[in-house]
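Colleague: The chain contents come next:
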Amino acid sequence: MKNRMQVKIKNLVMKSPLMTASGTSGHANEIEVLEKSGQILAGLGAFVTKGVTLKPKEGNPEFRIAETRTGILNSIGLQNEGVEFFIQNEIHHLANFELPVFVNISADSVEGFGELAAYLSDHDSAQIISGLEINVSCPNIKKGGAAFGTDPKMVEQIVKTVKKQIDPRLLVITKLTPNVTDITIPARAAIQGGTDVLSMINTVRGMAIDIDTQKPLLGNIIGGLSGPAIKPVGLFMVYDCFRSIPECRSGKIPIMGIGGISRWQDVIEYILAGASAVGIGTSWFVNPDVFREIHHGLTGYLAGKKISISDLIGKAHGQLAME
Amino acid sequence: MGKKRVSDHLSCSLPYWEQSQTSVLDLLFSDVKTGDLVLDPFCGAGIPALVALQQGARVVAGDLNPMAVLLTRVLLQPMGLFALREEFQSVREAVADRICDRYTILCPGCGKKIGFEQLIWKSTEGREDEIRPDAVQAACINCGFKGTERLTDSQVRRQITQSRTSPENWFPRKKIQGTGSKNSYYIHDQFTQRNLASLADLFHGINSISMKKSREFFQSVFISTLFQCITQGISGNSSNPISDAEIPGIRKASVSLEVNVWKAFKDQFEQWMQNKKTTNALLSFVRFSDSIKAFEDTDDHVTIIHSDCLEFPFPQRPKITHVFLDPPGDQAGICLSASEFQGAWLRKGVDQKRFWNTELQSIEDNLEPFQKLLEKIAASTDDSCRIILSYRASKKETWEALQDRSSAAGYELQELESVKSLIPCRKKKQGKTEAEKYGFLVRTRRNNRRPGPEPSDKNTKAVSLHETQFPHPIQSAMVRLLSEASENQKAYNRLCLILLETILAKDGYRIVFAEPNQFDWSEADREIRPEALHSHDKNFPTIDIAAEHPDGRQIYFCFYDPGNEKKHKQVAGKIFQQDRQSFHRVCYLIFENRLQMNSCRQIEWADNWPRGFFVCYPDLCQQAGKIQPDLFRDPADRFSKRSVPSRKQGIRHFRAEVLRNSPVGLKGKPMHYKLEFQTSDMKNIGPGQFVMVDTLPIGQRKKMDQIYYQNAYTTGKNQPGKKIRIDLMPKSYLKRPFGIQRAYYHCFEWGYHHTLSLPPVLAGITHTVFPHKFEIFYKRMEGGIGTREMTDLKKGDQVRMLGPLGKYTHIPEWRSQGISEVHLVGGGVGMAPLVFFGQALKFYSFDLKAFIGIDRIESLRETPYGKSFAEEPEKAYVYIEELGGIGLRPCDIYLSREYRDNEKLSEKIPDNNYHYGLVTDQYRSYLEKIKNRENLMIIACGPKPMMVVLQRIASVFDIPMKVLLEKRMGCGIGVCMSCVCRTKKDQKSQYSRVCVEGPVFDANEIDWEKL
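In the order they appear, the protein sequences are chains L and W.
The first sequence: position 284 = 285 (our numbering), numbered continuously.
The second sequence: position 19 = 733 (our numbering), numbered continuously.
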């Protein structure tokens, strides 16, 4: 029987368009502590790890999290044990998921990205990986991160470097920041650099102030806003890229839509706007059953309409195509 | 694929459901007599076990496959609907991690594990209707590899055999377009997770039906259908009484379980949807317990164990006379089909990395493990035990190889001639006659034939244990007793008594009574026989052991007998009635293993056991071993291994019902609230662990979503101006973490710790029923959103929670570290989780002192609320009541307040224990006063400055300290990394997650300078 949920990202066939969003499901097997982790994984099409850097990173000072209405501000600062630890101790757990795995990588220099890509593609146990997600958009680190993401030349250079160092088997995904005026500029730059897939959006910059202490609440002052609050932002950016960039339009460069998804309706919206797959992050904290619920909702919708996900991609642009 | 359906997983290779040739089995078991004990370690669906039972034997059956165990249970033992449901739940849980594993292969493309998807069938030239299986197709989701592997001849035969029994249109076949010229190829949707997954999925599907009535209805239909299919599968005709019932859809159920279950389910569902009136009639039919009454006579004769055969509990207490083995043959499915799970066992040691593991199918390649299995059996049974080997050898060489291996293991293989006559020889194309042999193995003189030195198998350790000379005469007596205990219930009881005597003697208790019928002292050594026992008062005629303390306290013990729960209930009720709150008489149940005990600790059962105190045998052994290591070392080691490890409980996302949510602090705006809720999903929560609580009740959050989405979607072109009121107040988004203040169960009334004084040694291994009511104490934050919403929770609201979270603190271990007194130091709401700590500590008979720091006493005043725990509600104070309830004396509670208010002091605690100022100052002056500062420990929770000061005090006085940290949290399970604190590891400062590595930390771990 045809799997209506099946989507194709380049050569990679995913059994469902749902993915974890980077940073919200740990590096490897952290979510297995949940009794129903099997159900969560069953609904997934791919697993995206938390950001990995070359050297261990201890992260930002406290507080690291603040709640907003229908969203959270976070400034973790990419806490992780470094790529070596990741390869040695964590990556093998990912094999158990039997899912394609995308590793989110981050660095504070162009060379750093290249080195990281080379390290991950050379290593034996990295066979499990299906692709790398280049994080040029994290708002919570001082060097690199969003500073790279807003500079189209930098984006192009980074993607080029990674593309050069990487095992050609692996997909290169570029995760873009929404903190720009026109998302299509860095998107075009990433395509110029040779990215296989675009993913958008990362968190939106924001802050919170504690009125008792009369000081910024987050230890890092700036945080990234995520959750349902940013869904319209992400949705438009996906729409915009799909509309304005011919490569995306023709399906040559698929888009992964991320940002504020909490219900299956949101997934459909993203798909209609032009995304081929979607990442779900923050709402997972609120409701650990969200993957199962969304998967259930989606299959119901698709069966009712007798269509599959791949028929829906970019359908919201139908009329525009006539122009 | 649309909605995931059960039929997607259906398999056509189902050895379990086949009609079995019981006539062959009758012959195989022809020498089984009444009273024999037959062991069937790979029972499958239990048909051989049934035949053995019919011969009058007692049967011990087991299987690795939980589904098989369940089926055997359904087949052989009467089972209630509830028990079946529970079984299914556990099967479903086990399916994912253990069974599905067996049906995966490695993709040659990327090397990852994938499941094989399709079986391709090929038609013979020119004859479209005669098709046979040809290959297995696998598709890799990772690298996109698609490949087919031709089946070997034996696999083809096997598939044919199995498909023969299947209905004509079992699966919709699909012709593959554009393949080959002469042969047509067909694809059958084939298994990835096979029968278990499909059944479990189906059952899960039924479970997720939201309407309770319909859900229960389908559960009943499902289970009764399952039962019917099995019974009909055996008898092979429709003589079964059930089939005469007027149930369309399931009446014709005959051969295949899956097809029928699924069809019946679907039919019933459709019918039910059309006409809901039929429900009642059907429900009355499916009370199938009457139908399985026929099996009730055999109830006492079967034990069915879910177990890996490697860990099969040898030796069984009774003497095993027959072991039934059906190793994988090259031709499966006709008589006793090869069990894959047995194959999986035999596969151990074989290279699993091959694409298609043909070894699974043939015994020739598995002779080595086969021999090991025989040796294992030989080591744990005696010489008269016979192994019935049901194997159809098609090759002479195989038969001979089997003979060799058997003799190497100390067995002689003999052919069963009588079976030969039953099965006609088939001729192969080449003209060779196929030899079909059934054999049984007779133990030859083991000592003569056994090659080389004793293998280092753990089972042979038992043998060597006997031969070793122990220095202590009692110890060798213990060993003898131990080996007896493994065979004889009375000897086992005797051992328990000796263990108890040792344990209780430490706290001054003396065994005063032992029910003579339960013990057998005839052969016991004099050294270990207890002194002559007093007669016992006749109030409690069903007690097995009674112990008494000089001060009059009494402890009773019963051996748990699963078949005699009624007796236990009576005892429990009687003692509860007499004892109530005095706790002068405490009754214990002794369980054989922890699994059994935990199943009894469930709330459903505990209702019948109003004052539940439980101990399990392995714990007794360990504790006795600690007290007298020289006497109990070896036996304790061996017996604690016998216990089945309890399954680790994962974190659950569950709903809880609010019982009350009452403000604390009378005047002005209350800042503190006590929230009480009940749920049955939070078993095993330990002190220090916490839950993430959703601040809005379930309905309200859903409603909020609906309003939001209605607003977003319905203000389209056709519906202008539909006004929807939207609450613009900020709403919380994340769940909030809270430590438990108290957990309880209604039969343990408030304050029972006052009088309950278990002997510490016994308390360390005592368990009560799982609690199901919990209480948290929280502060409404000024300007906070979440806690403000929480204050609106009402009685009856359902709230979502995630838990239990955090590391489990194993408190009995502290005793072995030499700690006997614990000081709880809490600031403000930080005291709440410490109360829970105190509850557990008091249960394990630690001494406790509590130091409470608050801003003003008034904020602790409880609002009179219905039936309060306090005797005088208007004088009740939070913490003081709670700590009193868990057994602290008033002089053990200290209280400091920062503000001098007019509130009258609580009369509950002495005036000297009040202090104006900080709790740390009070604690420091207390420490200076006392002389003996050994065996102390501090547990602290509160604001950061308090903890820092307290840590300094602890290091000055050199007292070990634990801290319970509270942080802002995002996920609670360790993925978001927001709840970090500074810790030291190897002199290096780093961030640790409070929700995973904590929340209880050792004070030495924390980096206090940077905290």
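Just so you know, these hints were derived from the structure itself, not from any lab.
Only a predicted model underlies this, so the values are computations on that prediction, with no experimental measurement involved.
Built from N, CA and C at the ideal position, the CB exists for glycine as well.
There's no promise every hint is true.
[Unchecked claim] With a straight-line Cα cutoff of 20 Å, these simulated SDA-like cross-link-like pairs (lysine to any residue) come out:
| hint | chain 1 | residue 1 | chain 2 | residue 2 |
| --- | --- | --- | --- | --- |
| 1 | W | 1702 | L | 86 |
| 2 | L | 58 | W | 1487 |
| 3 | W | 1724 | L | 165 |
| 4 | W | 1487 | W | 1658 |
| 5 | L | 154 | L | 209 |
| 6 | W | 1508 | W | 1371 |
| 7 | W | 1445 | L | 209 |
| 8 | W | 1658 | W | 1670 |
| 9 | W | 1445 | W | 1413 |
| 10 | W | 1699 | L | 59 |
[As the list claims (entries may be wrong)] Far from chain L by the CB rule (all over 12 Å, computed), these chain W residues:
| hint | residue |
| --- | --- |
| 11 | 867 |
| 12 | 1227 |
| 13 | 1262 |
Colleague: Out of the numbered hints, which ones does the structure contradict?
Modeller: Per hint list: 2, 3, 4 and 5 violated.
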